[in-house]
Amino acid sequence: MATESTAADIAQCVNEHGSAIGMPQLCADWMPNQIFWLIVALAVIYFVLSRIALPRIGGVLAERKGTITNDLTAAEELKAKAVEAEKAYQDALARARAEAAKIVAEARADIQKDLDAATAKADAEIAAKAAESEKRIGEIRAGALEAVTEVAKDTAKELVAALGGKADARSVTAAVTARLKG
Amino acid sequence: MAEEAHSEGGLVFHPMDQFIVKPLFGDGPVEWYTPTNVTLWMALAVVCAIALFVMGTRGRAIVPSRVQSVAELAYGFIYKMVEDICGHDGVKYFPKIFTLFVFIIFTNYLGLLPMSFTPTSHIAVTAVLGFGVFFAVTILGFVKHGAHFLGLFWMSDAPLILRPIIAVIEVISYFVRPVSHSIRLAGNIMAGHAVIKVFAGFAAIAAISPVSVLAIVAIYGLEVLVAFIQAYVFTILTCVYLKDALHPGH
Numbered sequence: 383m384a385t386e387s388t389a390a391d392i393a394q395c396v397n398e399h400g401s402a403i404g405m406p407q408l409c410a411d412w413m414p415n416q417i418f419w420l421i422v423a424l425a426v427i428y429f430v431l432s433r434i435a436l437p438r439i440g441g442v443l444a445e446r447k448g449t450i451t452n453d454l455t456a457a458e459e460l461k462a463k464a465v466e467a468e469k470a471y472q473d474a475l476a477r478a479r480a481e482a483a484k485i486v487a488e489a490r491a492d493i494q495k496d497l498d499a500a501t502a503k504a505d506a507e508i509a510a511k512a513a514e515s516e517k518r519i520g521e522i523r524a525g526a527l528e529a530v531t532e533v534a535k536d537t538a539k540e541l542v543a544a545l546g547g548k549a550d551a552r553s554v555t556a557a558v559t560a561r562l563k564g
Numbered sequence: 018m019a020e021e022a023h024s025e026g027g028l029v030f031h032p033m034d035q036f037i038v039k040p041l042f043g044d045g046p047v048e049w050y051t052p053t054n055v056t057l058w059m060a061l062a063v064v065c066a067i068a069l070f071v072m073g074t075r076g077r078a079i080v081p082s083r084v085q086s087v088a089e090l091a092y093g094f095i096y097k098m099v100e101d102i103c104g105h106d107g108v109k110y111f112p113k114i115f116t117l118f119v120f121i122i123f124t125n126y127l128g129l130l131p132m133s134f135t136p137t138s139h140i141a142v143t144a145v146l147g148f149g150v151f152f153a154v155t156i157l158g159f160v161k162h163g164a165h166f167l168g169l170f171w172m173s174d175a176p177l178i179l180r181p182i183i184a185v186i187e188v189i190s191y192f193v194r195p196v197s198h199s200i201r202l203a204g205n206i207m208a209g210h211a212v213i214k215v216f217a218g219f220a221a222i223a224a225i226s227p228v229s230v231l232a233i234v235a236i237y238g239l240e241v242l243v244a245f246i247q248a249y250v251f252t253i254l255t256c257v258y259l260k261d262a263l264h265p266g267h
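Chains as they are written, first to last, in my numbering: chain A, 383 to 564; chain B, 18 to 267.
Please note that a few of the clues may not be correct.
Stated by the list, open to error - When the alpha-carbon atoms are kept at most 25 Å apart in a straight line, the in silico PhoX-like pairs for lysine-lysine are as follows:
#1 B:Lys113 x B:Lys214
#2 A:Lys469 x A:Lys447
#3 B:Lys214 x A:Lys447
#4 A:Lys563 x A:Lys539
#5 B:Lys97 x A:Lys447
#6 A:Lys484 x A:Lys495
The set of hints was computed from the structure by calculation and includes no laboratory data.
The whole structure should be built from the sequences, with the hints applied where relevant.
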């Protein structure tokens, strides 16, 4: 069939009904037309693509890549800055903390000193007061003992007198003194 | 085949009529310069290419619109293919390879529209593409490497006795390349379109028309796939042939 149709191709490729005879692909009459228009179409597409479209798309892609790279670099820089700022903040915080601790220690030392001084002073005062009081108590005690002896002697003399006894003062005193010591 | 169908009368099969080249105006002979349906559908492919790659990228937006992102996707797809296969010195030929890809994919997809004409189903068209690639690549290989280009056929890592035999096989396979390259594209597209037409002919019988319509839908889906795959295969083989010209050493 192929040989028949190639023979018929030269004369005609379509029968009287307008249908194809054999394969239209093998019709030599139509080939120059197809080849000519193919070359025209390819030339137009190539011209348009290589002159306009491809440089444009390539430019857009390169620009996008550049933008993304730039943005990433900027982000990286900002991140580094943030880390630096955080470090500075931590440093400042640590310094402030150390300062505060120092101030607290100083204040505590001052207070301690004042307190110690006040305590010492108070102790000394208390000691002085206590000594004075002791002395006074001693005096009072001595005074009281004397008074008791006196009262005892007088009372004994009066008692002896009241009982009708007669006794000299000296013996009564001696007796009372002996009893008190007793 | 067509004549037999006419004599039967009932079922009418004209699966090849869709490939007929007709003048757009009048009914005269098809001269080489006549505007035909080939002209029309190639021109539509050109218009689509301009719409996608020129109009679509008019905004040059950093954040692309939908059309621009499709154009960028196609650009990146073929650019990466050329770079991966041909290496860095192949990027120079990227616009030419991209032109081939754009032409084939747009004519393939426009050909899937009902009542349309598919230029890539014609061996005359694909042979120009295939042999064009073949001659361009061969000339480029000799210009770049001179006689060293013939090293492509001389397997220096094969045993010495086998080398002449391999060289003969390599030479034959090299010259078969443009034939397979062009017939693969035309054959796939033509076969798919013809099969759809045959199933459409069966739809005239009421009893099997539902099956026929379902089959058309299925084949059409397959053809959508084939339209892309054949454009992809044609482009990737062009890259492989270009790689052989740029780096003939195996």
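Which hint numbers does the structure go against, in order from smallest to largest? 1, 2, 3
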